[in-house]
Amino acid sequence: MTKTVFFGAVAAAAVLGSTGAYAAEGDTLRTVKQRGELICGVNPGLVGFAAPDANGNWSGFDISLCRAIAAAVVGDPNKVRFVPTTGQTRFTALSSGEVDVLTRNSTWSFQRDTELALDFPAVNYYDGQGFLVRKDLGVTSAKELDGATVCIQTGTTTELNLADYFRANNITYQPVNIDSNAEGEQQYLAGACDAYTTDASGLAATRAAFADPENHIILPEIISKEPLAPAVRHGDNNWGDIVRWTLFALVAGEEYGVTSANVEELSKSSTNPEVQRLLGQTDNLGGMIGLDAEWAKRAIMANGNYGEIFAATIGEQTPIGLARGLNALWTQGGLMYAPPFR
Amino acid sequence: MSEVHAETVPFVRGTMLPEAPPPAAERGAIHWLRANLFSGWVNTILTFVGLFVLWWLFQHFYPWFRHSVWNASSMAECRTLITERWGEGAGGGCFGLVRERWNQFLFGFYPPAEYWRPISAFWLLFLALAPVLFTESRKLRWIVVGVASVMAFALSMLMGAPDPVLICLAVGIVLWVVLIEYIPRAALIVSVIFPFLAVWLLWGGSIWGPATILAGAVLGLAVWGALSRFGALAVLAGLAVAVLWWWFLSSQAAIDLQRLLPLELPKMESRGFGGFLLAITIGVSAIVMSLPLGIILALARQSDLPIVKGFAVIFIEFIRGVPLITLLFVASLLLNYFLPPGTNFDIILRVIIMVTLFASAYMAEVIRGGLASLPRGQYEAAGALGLNYWKMQRLIILPQALKVSIPGIVGTFIGVFKDTTLVTFVGLFDPLKQLADTIRATFEWKGAYWEPYIFSGLIFFILCFSMSRYSMYLEQRLKRDHR
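Order-wise, the sequence lines are chains A and B. Residue numbering for the first sequence follows our numbering, beginning at -11 and increasing consecutively. Residue numbering for the second sequence follows our numbering, beginning at 203 and increasing consecutively.
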């Protein structure tokens, strides 16, 4: 716990320092254009969301968003530098100006949005905390976990959610503190804890990687809301707008059937006025945020629209096999909803 | 009486008996066992407990190693192979991870086309160290120099270094080896220059950057030498000239020289450094710089000048009172707020500075222990010879004090080297945790837990063990007294 307090102090110092230094400087867009390269703070390794391959090329769900922003702003999805940040250093890295944007599966919460002086332009993945247990434990609901030992990563929101949930349901648990996902899986498999809890997307990936996934189940309860969003600094609203509307462009792309395969063709031939505006044939929306007319077209060309990115990195066709669930389009019962492009 | 006796004795031996071998119970394996393992019931019990533990460990771990798979490109493939070969439920290591990702463990995200640069820098390091560390034994020096030269050249070639580089490397190595053997003093100067060469090899860019910085130091030393009769004033003048050079002229000179004679390697990002490249870069720099700093601090702490002494005490006690992680956080996070926005103060450089300061505080205390172990008579005798302070330290005190402190110094070195893995907390890719976690984040290797630890642990062991063996060798070599 002292660790948390210390990081809190560092973060507080970060806030005090940054609001002064950066509100004045402001123009992240200009800096990025000048540099010709976007710097994204990313997770040093989270299955499906961000990981480098043997040649050091990064890929994943969060990485794709970062590349889309780079394509929109700098014009090339490969003009990106990825700065791996740990759970403790991520927000200071952002507020100290070391990275331009954080695409690092960070939960949008009140305190982070206000006290830490960050902005979360829009949610790119709706997650929630779940439990993984062995089948032979005979448990079918998280409410039956009374007295269980639970492996929990320290210093995260999941730790607080767990305490809240058990208190609210008037049951007890024994925490087993772990430091990383890998350690958690190891402890869980070694039988050090009855249940392993983290974000449901992480649990799915963990379970899929087990030697015997059929002997483990993810309990149906999702005990918290974890809206994972990119983050930018307070005080540079134009930059926040760019990140927000790049993400919305990807979502809108899926809604209107604009894919990486047909975006070139649609940008010439589409008769849908919304698509025409999105791809910059009419209205020049990009000019309003300091970009050119074809910014959204490039963003979609980088890795495809939201649906394509989801399917390629964490979707049901991948080993991780996540269903769209809350992350489906609003027209299909999900929460992904892009405001109108006009 | 004697007659009677003489008659009762039938035989008197005229020669000595040949030495008989000791009785069976007092020699060979049996004796060794009895003396070392079963002497008394306590030791017998301990022996059996020890044997049991060994057997238990073997029984637990051997099958895992025996079942391990080398040729697999994912955990799933590895598990199927193990099940095929050893039946259902068999567990084994998936060292295919090491086979596929060894380069990341060694070099992090350094571009593969440039691997020859850290490799040659690493092996040339031994050439630079040879005139310092292996002066005592010609044979050993030959072995070290030979192996390092061959490795630097052969591995660079293997990693696809371009031909002009290989030619330069070969010529340079030959010249350097000749220097080490025939003009040791010049070789020492090359050793001092080597860090600049290594920085250039690792980070790239124009060679004239490090070269002009080196020129500043040379200029400063020259001024000091020319004015040496003015004492402390000469030191100040030399320092001033060097600083002025660095501040106003060196960058412009580097640009001009680059225009005249372009010599450059592709520039590398510090963020791309990782694995053992990072650990060794930080470890070696901190080790090399912390020893002189530690000596100065130890002498300062013993000084009679109150300000010097006070500063040394405060510095040492402050650094030793703070965990290394705190210093690293200061380096990576807090420093950003004090620097003007947009300054790009290299993260590895910041970490190296902090680790060096940390190590030098411990080093100072180790050396102070060595200084304290010298009897007062040594100081007094040196004073009676009319030596001034620096001569006394250089000729009489430090050689003895450092020799006494060797185990402690090397212990600190090893500790510093292992502490470099803590850089994981500031988002750098240390070989032990961050890199392993990152590799596990690709779905193919998710679930591989022990394999990366075993691989990194093995390399750490090799490096640390060699350091400790070298320290024992040095102690043997320097054992001149007969205490």
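Take these hints with a grain of salt, some might be off.
Reference listing, derived: stretches of chain B covered by chain A, where coverage requires no fewer than 3 residues with Cβ under 8 Å from a Cβ of chain A [said to hold, decoys possible]: (1) 293 to 307; (2) 623 to 631; (3) 635 to 649.
Bear in mind the hints are in silico, worked out from the structure with no lab data behind them. The C-beta atom is built at its ideal place from N, Cα and C for all residues, glycine as well.
Which constraints among the numbered hints does this structure fail? Numbers only, ascending. Structure breaks no hint.
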